[in-house]
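Sequence lines, in order, name chains A and B. Residues 37 to 150 in this note's numbering are what the first sequence spells out, letter by letter. Residues 1006 to 1118 in this note's numbering are what the second sequence spells out, letter by letter.
Simulated from the structure, these hints should not be mistaken for lab results. These numbers were taken from a predicted model, which means no experiment stands behind them. C-beta: ideal position from N, C-alpha, C; glycine also. Please note that the accuracy of each hint is not assured.
Unchecked claim - Simulated crosslink set (SDA-like; lysine to any residue; CA at most 20 Å straight-line): (1) K41(A) to N1043(B); (2) K78(A) to I1031(B); (3) K78(A) to S1092(B); (4) K93(A) to E1106(B); (5) K78(A) to Q1046(B); (6) K41(A) to L1044(B); (7) K1016(B) to G77(A); (8) K78(A) to S1012(B); (9) K1016(B) to P76(A); (10) K78(A) to Y1015(B); (11) K104(A) to D67(A); (12) K41(A) to G1045(B); (13) K78(A) to A1093(B); (14) K41(A) to L1050(B); (15) K78(A) to G1008(B); (16) K78(A) to L1044(B); (17) K78(A) to N1029(B).
Claimed, not checked - Which bits of chain B does chain A cover? Going by a derived footprint, with three or more residues having C-beta under 8 Å, they are: (18) 1040-1047; (19) 1050-1063.
Residue strings, one per chain:
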Amino acid sequence: QQQVKQSPQSLIVQKGGIPIINCAYENTAFDYFPWYQQFPGKGPALLIAIRPDVSEKKEGRFTISFNKSAKQFSLHIMDSQPGDSATYFCAASMELGSARQLTFGSGTQLTVLP
Amino acid sequence: EAGVVQSPRYKIIEKKQPVAFWCNPISGHNTLYWYLQNLGQGPELLIRYENEEAVDDSQLPKDRFSAERLKGVDSTLKIQPAELGDSAVYLCASSGSSYNEQFFGPGTRLTVL
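Please construct the entire structure, taking both the sequences and the accompanying hints into account.
Here is the structure:
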């Protein structure tokens, strides 16, 4: 029940394309949904996050769409660039005791071709 | 401001040998995390510290893994003895509290031969 399922495992798009990465969760106790970007040899870095009281959040070229009833959320990258090539992880956070716990999806390796 | 520092960045050892990883969190961050990241997978929490206290170590294989955070700052994660299946990236992260954003270090890539 604490799993976050992410798809696809890998994605290749042309420069300017709009890659879409999807995630789904089961546990309705999750109440915060961040996305992380990880470059080779680096740790994950927070990219954008959303709370379930809104259906969409946009920051620059990155947009999260959130469907609370379906328990799904997705990341869209507008006008993708070769520099966006990285691994993207969705995550879900919930309060557990007196702290918050973060559960990651399995990751999507994105390649943006020039 | 310096980020989370980890060392070594890479470590190759033979099975049954001990190994230790070191993490220096961002200054002032009370919460420190150790994660395991297998190839092609997302990070999985091993242990979380609030200052010097390990408050969530339910996923730490205690038969061979141990961790400490002396004085509530730097932390060390140890494996003794290492097994082939321990080959992975070990990530350290820190945050002001568990309610704040986590900042990750670059990780230590462990290869067990």
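Quiz item: Of the hints stated earlier, which fail here?
Solution: none
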